[in-house]
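Trainee: Mapping of the sequence shown onto the numbering used here: residues 3 to 109, in sequence order.
Keep in mind that a hint or two might mislead.
Claimed, not checked - With beta-carbon atoms standing in for the labels, derived distance ranges: (1) GLU11 to ALA75: 16 to 26 Å; (2) SER102 to ALA38: 33 to 43 Å; (3) ARG93 to SER34: 28 to 38 Å; (4) ALA62 to TYR4: 39 to 49 Å; (5) ALA23 to GLY71: 18 to 28 Å.
Source of the hints: derived by calculation from the structure; they are not laboratory data.
C-beta atoms are modelled at their ideal positions from N, C-alpha and C, and glycine is treated no differently.
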Amino acid sequence: MYPDEVRAEAVEAVRLGFSLAEAAELVGCSKSTVGAWALAAGAGRPGRGGAVHLPYDEKAGLVARYEAGERAADLGREAGVTGCAVTNWARRLREEGVLSLMTEDEC
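All chains should be modelled from the sequences, with the hints used to inform the complete structure.
Mentor: Dropping the structure here:
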């Protein structure tokens, strides 16, 4: 059993936007334990919101920052998407070009 202070620190980290893995590493316990604590405290799990649709300009800006060396996870968190979304946009832009990041309305 973990002390209440450890549980509170982990839940607060999740509320602040840390991933479950990051919060678990911070307090020294498992990811599943932090997830259970967060759910019990009503903090939910990070990255479980509704769909986020970003305009082309914002996607392109995030990709440029990613290509310049910023972490995809940090950029994704800032924009309300996953780090995987950022790396996927970078790959699509490289392989398929600008139109691959645009919606029909933006073309």
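Trainee: Compare the structure with each hint and give your call.
Mentor: Structure-based check of each hint:
no.	hint	verdict
1	GLU11 to ALA75: 16 to 26 Å	holds (20 Å)
2	SER102 to ALA38: 33 to 43 Å	holds (39 Å)
3	ARG93 to SER34: 28 to 38 Å	holds (30 Å)
4	ALA62 to TYR4: 39 to 49 Å	holds (44 Å)
5	ALA23 to GLY71: 18 to 28 Å	holds (22 Å)
In the structure shown, no violation is registered for any of the earlier numbered hints.
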